[in-house]
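Protein sequences, first through last, are from chains A and B. Quick note on numbering: numbering that gives the first Met the number 0 labels position 60 of the first sequence as 59, and the sequence is numbered without any gaps. Quick note on numbering: numbering that gives the first Met the number 0 labels position 206 of the second sequence as 205, and the sequence is numbered without any gaps.
By construction, these hints were calculated from the structure, which means they are not laboratory data. Some hints here could point you the wrong way.
Same chains, same names: a pair is fine if it fits in one copy or spans any two.
[Claimed, not checked] DSS-like, lysine-lysine: derived pairs with alpha carbons at most 30 Å apart:
no., residue 1, residue 2
1, 184, 40
2, 121, 40
3, 144, 121
4, 184, 25
5, 142, 25
Number of protein chains: 2
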Amino acid sequence: MPKRENISMSVIRRLPRYYRFLNQLKRDGVTRISSTELSGKLGLTASQIRQDLNCFGGFGQQGYGYIVEQLAAEIGHILGVEHNYRTVLFGAGNLGRAIAAHMNFEQLGFELIGIFDDAPQKIGTVIRGMEVLNTACFENFCKEKKPEMAVLCIPRTAVEATVDRLYPLGIHNYWNFSHYDINMKYPNAVVENVHLNDSLLTLCYCISNAPEAQKPQKVQI
Amino acid sequence: MPKRENISMSVIRRLPRYYRFLNQLKRDGVTRISSTELSGKLGLTASQIRQDLNCFGGFGQQGYGYIVEQLAAEIGHILGVEHNYRTVLFGAGNLGRAIAAHMNFEQLGFELIGIFDDAPQKIGTVIRGMEVLNTACFENFCKEKKPEMAVLCIPRTAVEATVDRLYPLGIHNYWNFSHYDINMKYPNAVVENVHLNDSLLTLCYCISNAPEAQKPQKVQI
């Protein structure tokens, strides 16, 4: 049985990368890989990879390496991709539509079962073959479909009221694209934030503070 | 002059959060705030905040706190938001359209000056008042407009060839939504990755491994 205690977020955040990469190797027909080869391709040290995987019990064999398909399956299992958590998406604006259309939820542990908005011009439109439903009908939808996760693509100002409504309905897991900090009010909610503004500002810092050699140079054509 | 050496990425990644929050306070009419109040609202310790800001020279006054408008401006300056880096976006699919329409580039240090795609059905369509241009015309566009940053909303398989084309044109800064690792081939490129798949898989892990008390519960209505 894999050990799973006190695993740091940095290890956890590397797992999807391993998973993605191993699946790519599988598609490329690679059946076995050493931690040294894996490390070269991932830009991590071999010992880092061994340490990370050891957190979950370790999978390789000294001198033999990892069986790609098996390791991909094990990491998928650790991530929980087989759960297909029933997922609803709130906010059918530009971002919500893109997320609904773009993401392969079913390969990543989730099943998108409903898209909600309260703007009359959006209700009834179709995204990914799914009709956008009226947020007002959410309680009824819940009784029947029992969603477990909500993707929040709504404005920051609307998030608190939405979570106040969803949390008591048993939805405690959120993929949050707004800057509202759900855990301040609901410390037990499981929240993964995607802060696109912060990411862009971080890039702005890194460009502005890059060593001179890396600074944007004059265009040479 | 602010000191700016060896600042860790964790400190850098907290700056946008400070910036965002201080601007919110400014909009709310708050003029002064202590590091203790700031910490309560940000979920960090006061000493953490003081330490972070000290990396850049420190701004508060003992017993007086921070002047909100001044600190917001200073952090904005550290981030480099006044640069308005000329930005192009590649890929006018669902995600690219959403990013172009949704992001306030100009408040975050960038100016979106062109959107490119090579699909005939996308070229000429309008996003955010801007016509999608043919990727084939990019070199000419570059001569005139001299872009400094590229947002990549193209499939993973197309990224390498795109960066091979952009890098020699002087575009060394990337906001990358694909899973292609630009730094493996271009170690000096300044890259900020947004890995939405990894984020969703991390959430899947966190839900699957949440303490029992937090696990999705039966819907109660």
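Hints versus structure:
With identical chains, the CA atoms of residue 184 and residue 40 are at most 30 Å apart between copies only, with a shortest distance of 11 Å across copies and 41 Å within one. With identical chains, the CA atoms of residue 121 and residue 40 are never at most 30 Å apart, being 44 Å at best within one copy and 35 Å at best between copies. In the homo-oligomer, the alpha carbons of residue 144 and residue 121 lie at most 30 Å apart inside one protomer (22 Å), although the nearest pairing across protomers, at 37 Å, exceeds that limit. For the identical chains of this complex, residue 184 and residue 25 are inter-copy neighbours only, at 23 Å across copies versus 43 Å inside a copy, given an alpha-carbon limit of 30 Å.
In the homo-oligomer, the alpha carbons of residue 142 and residue 25 never lie at most 30 Å apart, since the shortest distance is 40 Å inside one protomer and 42 Å across protomers.
Violation of the numbered hints given earlier is confined to hints 2 and 5; the remaining hints are satisfied by the structure.
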